[in-house]
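Protein chains: 2
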Amino acid sequence: MATQAAFLAGLSQLAAQPGRDRAVAPARVAVAAVGVGSAKVGVRVGVKAGTAEAKAVAQRRGVRCRASLIEPDGGRLVDLVAPEEGGRRAALRREAAELPHRLRLSRVDKEWVHVLSEGWASPLQGFMREHEFLQALHFNAIRGADGRMVNMSVPIVLSLGDAQRRAIQADGATRVALVDQRDRPIAVLSDIEIYKHNKEERIARTWGTTAPGLPYVEEAITNAGDWLIGGDLEVIEPIKYNDGLDQYRLSPAQLREEFARRNADAVFAFQLRNPVHNGHALLMTDTRKRLLEMGYKNPVLLLHPLGGFTKADDVPLSWRMKQHEKVLEEGVLNPESTVVAIFPSPMHYAGPTEVQWHAKARINAGANFYIVGRDPAGMSHPTEKRDLYDADHGKKVLSMAPGLERLNILPFKVAAYDTKQKKMDFFDPSRKDDFLFISGTKMRTLAKNRENPPDGFMCPGGWKVLVEYYDSLVPSEGSSKLREPVAA
Amino acid sequence: MATQAAFLAGLSQLAAQPGRDRAVAPARVAVAAVGVGSAKVGVRVGVKAGTAEAKAVAQRRGVRCRASLIEPDGGRLVDLVAPEEGGRRAALRREAAELPHRLRLSRVDKEWVHVLSEGWASPLQGFMREHEFLQALHFNAIRGADGRMVNMSVPIVLSLGDAQRRAIQADGATRVALVDQRDRPIAVLSDIEIYKHNKEERIARTWGTTAPGLPYVEEAITNAGDWLIGGDLEVIEPIKYNDGLDQYRLSPAQLREEFARRNADAVFAFQLRNPVHNGHALLMTDTRKRLLEMGYKNPVLLLHPLGGFTKADDVPLSWRMKQHEKVLEEGVLNPESTVVAIFPSPMHYAGPTEVQWHAKARINAGANFYIVGRDPAGMSHPTEKRDLYDADHGKKVLSMAPGLERLNILPFKVAAYDTKQKKMDFFDPSRKDDFLFISGTKMRTLAKNRENPPDGFMCPGGWKVLVEYYDSLVPSEGSSKLREPVAA
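Protein chains in written order, with UniProt numbering: chain W, 1 to 488; chain D, 1 to 488.
In case anyone wonders, no lab produced these hints; they're calculated from the structure.
A quick note: this is a predicted structure, and the numbers were derived from the prediction, not measured.
Watch out, some of these pointers could steer you wrong.
For chains that are exact copies, the list does not tell them apart, and a pair is met inside one copy or across any two.
Cut-off 16 Å, straight-line C-alpha distance, at most; resulting in silico cross-link-like pairs (EDC-like, lysine to aspartate or glutamate) [claimed, not checked]: (1) 199 with 387; (2) 196 with 392; (3) 464 with 329; (4) 199 with 384; (5) 423 with 433; (6) 448 with 468; (7) 196 with 387; (8) 385 with 200; (9) 199 with 219; (10) 196 with 390; (11) 199 with 390; (12) 422 with 434; (13) 196 with 162; (14) 420 with 434; (15) 423 with 455.
The following block holds chain W by itself, in its conformation from the complex (with noise of 0.2 Å):
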C-alpha cells in the first residue's frame, strides 16, 4: 500500500508494548465476585464489592492508564499477552507445545483471541465462562469484580465438539493449549470450565431472531461445537496478520498513548464497516465542531472501521482501508486531529445489542464520545422484506445500557445530497424536496456500474478505490470471495 507512510504521518511510532504492571498468576480471581448460590443460604459468594481484596483484584492485571482519559471497564486495561521480559513468551510458548489437549481456533475464534489479549473487552480475562456468558445473553452486562456492572452484550466465547469435551474431562485437565489453522500454539486458556453451547438461545437472545441466514451465525455458529470452554486466557505474542495492514492495529494502549501524546481532552469514536462518504465526513467535522464549542480543547476522532469477519457483500477491510486513506489524503478529514486504527472485532450484524459491544469496547480504547448512526450494526432481515432491526432502536438501546453510563453518545444527524448546493449536507425538512439519498445499495450499484455518484458525494480518490474494487471482483464473479450475492 504506497500511500500508507503518508497516511500514517499523523500518528506517532508507538511503543510495541507500553508500560505494563501485571502479577503472574491471577488465576479466576477477576470473575469470581459473581458467583451462583449453593445450597447454603445467601448467594453472592466470592469477593465482595468494595473490599480490599476486590481493589486487589482489580489491579493484578492489566496497564495502568494516564488519568486523563476515560478510565477502562473495570479500572484497568487488560492484557493478556505474555510479556517479552522474562522467558514467558518461550516458556508459555513450550508449554503450549507440549500441552496434550490443543483445541484450533478458527479464523473467527482467533480475531476473539486478539480482541481479548489487548483489553478490547477488559475486565474479561478470557473467554466466558458460564457465569459470564449466562450475565452477557439476558442482562447485556457482567458484574465486575468490584461490584459494578460493565456492559457486556455479545458472548465472546469458545466451542469444542463433543469428543474433545469428554477426552479433556476424563484427564481432568484445567489447562489447554490455542492452536492456529496450522497448529502453531498461539495461546495457553487456564483454569477451564466446560459447559453447553445451547445455540438456538444463545442465537434468537443475541439478535432477537433464528432465522436462518444470519451472517455471523453461519460463520461461527451454526457449524461450531456443543460446548463452549471458558478460562483465563495467556497468548503467547501479539496477534499479527502480515497483510499489510498490522500497523493500523492499535490496541488500546497503544491508542490510549496516542491520544495521551496528542494532549487529546475529548476522543469520540465512529465505528464503521463502509466507505468513508462527504456525509460521514461532515458529520464527523461537525462533531468536533461541537466539542469545540462545548469547550474541549482538543477533541481528537478515532475513525475506526471494523476488521474482523464481515459478510460477503460488505467492501473487504483492504479496500476500505485503500478508500479511508484517500480520504485523509484529500483534505476531507484533517489528519491532525483524526487517528485511523482498525477495530479488530468480528461483525456480528446484531443490531442494538451488538452497538453496546462496539461503543464498550471504544471506552477501553480511552473514547469518552461515541457517535451512533441510524439501525447501527443493523442489516436486512435474511427472510422477511424488511430491516432486522427498527432503526432508532440502537441508539435508544445505547443511551440506556447498563456499564456505558460514563459514554456520552452522540447522534448521527442524518445528512443527504443537497442537490441545490451539489455537496452533502444535513438533512433539512423544510426544503426536502432538495434532497436525494443515496443508499448503500445505490452506490454500490454506481461503483459495480463505473458509474459516478453526483459531484461532492465522496472524495474523487476515494470513488476511485470502490470502483477497482468493484472491477477487480469480476473476473472472480462466483469464486468463494463472493460468498453471496451483491445486491442490486
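Guided by the hints, dock chain D onto chain W, whose structure is given.
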C-alpha cells in the same frame, strides 16, 4: 369451596384498602428518568438520580410500607386503583364511558391490569412505554426514577391493531379507555405512547427460541395487534374474578399488612403452579428451620400459587387451591407460619427470564427470601425432544440478576421418594438406589388412572382432589378445557 373458611383461619381480616398516600396527577414523571438522547450532546435526560426532584418523584404515587419488611422496588408500592373517597371512581368511570377510543382487554390483558394496579410490578405505573419495553427485553431491568436498576424481565405490554392505532393517532388522543370483553370500563390509560410490536424480536429475546407452540405466545402474542400502547394506568376499582377465589387474591399491600400483623422478621416465598407434594412441604418446613437457625425469630412462608393464564395441561387454579387447602388442613404445612395467597400474573413458561419476574414481584409483596427450584418456569421444548432451558440456569440467572441484589435466593434441595423410609426426603447420593423420582408426568398419569402414589408422597386428601380433577375431565375430554392433549 366448603373448607375455605378453615383454610383462611390463619389469615386475619384484611382492610380492603390499607393507608394510602398518593398524589392526584402523577402524569409520567416516574418513568421520565431514563429518556433517550436527542440530537443534542449528552445522553440521559430527565430526572437525575439522587436529586431532590428524583426523591419527590419516587414518593409521589404509592403506598407507604412498614419499615420492618423489605422495601418495594422504587421505594413505594405502586397503587393504581382510583381511591373510593372523593368521587374519583365515579368520575373515572364516567370518563371511561365517554372516551372516544376504547381498547378491549383479553383475559391475559386484564390479568396484567390486575398485576399493575396492585403494584406487583412496582415501580411501573402502567403498561410499558417503549423505553421500558426495550430495557426489559435487552437488560431484564429498568432504571428507576431514583437512578437505581429495578429488575423487570418480562414485557408488560398492551397491543392494538393498525386501524385502531391510526384512529387514535389521527385524533391526537392522549387518553384511552380499557374495557372488558363485555365492554364494561375497567381503566383509563393516559399520556399514551404507541410503538411497534415486533413480535419475533419480543419472543426471541424473552423465550430464547421462536419455535411454534409456546403457550403464552399462542395465547397472547401471535394473534395480538402489531402495535403496543404504553401509558399511565388508573383502574376504576379493584379487579375481581367472582370465582370463589377472590379472598385469596391478596394484594402486595395486603400481604405486607398480614406479615406485619404476624410480626414476621423473614418472609420466604414459594412460587408454584402445581399441586403440593410432601417433597415441597419438606423443603418449606426445612427452609423455616434453617431461617430459625440463622437467628430469625418468626419466618413466615408465602405459599404463592400462580393464578393467571396457565397452559392447558396444568392443573387449573381452582383445583390447585382445593389441593393446597387439604395440605394445610391435614397439617402438612403449619397454618400459623404460612400465608396462602394467589399471585395474579399469567404464566410465560420463559424459564430463567420469567423466574426473575416471579422473584421481583414477591419483593414487592414483602418477601426477602425466594425459594428457587430446578428448571423454574420451564417446560419441554415445543418442537424438540429436550427441556427448553438448562435446569440450572434459572437459579444461576436469578442469583446474578440486576435489581435483585436485596433478595436472598434459596436454591431448592432435591427431594425424592425414599423407598426405605417410605417418605419424601432430601436426596442422598450415597444411597441413590433407595430413591424414586416421581415426575409431574408420572404423578398426572397415576391420578388419571386413579392409582395411588407411594405412601407418603402426598397427603391423602390432596391426592383425592387430584383424582377428582382428572375424573372431572373425562366427560369433557376434547372440550375447550383441554386445548392441548395431556401428556401421557
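Consistency of the hints with the structure:
1. 199 with 387: between (23 Å within a copy, 14 Å between copies)
2. 196 with 392: between (34 Å within a copy, 11 Å between copies)
3. 464 with 329: within (13 Å within a copy, 85 Å between copies)
4. 199 with 384: For residue 199 and residue 384, only the inter-copy Cα distance (13 Å) is at most 16 Å; the intra-copy one is 22 Å.
5. 423 with 433: The answer is within: 15 Å in one copy meets 16 Å, while 80 Å across copies does not.
6. 448 with 468: within (9 Å within a copy, 74 Å between copies)
7. 196 with 387: between (31 Å within a copy, 13 Å between copies)
8. 385 with 200: Classified as between: cross-chain Cα gap 14 Å, same-chain 23 Å, threshold 16 Å.
9. 199 with 219: within (13 Å within a copy, 26 Å between copies)
10. 196 with 390: between (31 Å within a copy, 9 Å between copies)
11. 199 with 390: between (24 Å within a copy, 12 Å between copies)
12. 422 with 434: Answer is within: at 10 Å inside a copy they meet the 16 Å cutoff, but 85 Å across does not.
13. 196 with 162: within (10 Å within a copy, 42 Å between copies)
14. 420 with 434: within (6 Å within a copy, 87 Å between copies)
15. 423 with 455: within (7 Å within a copy, 85 Å between copies)
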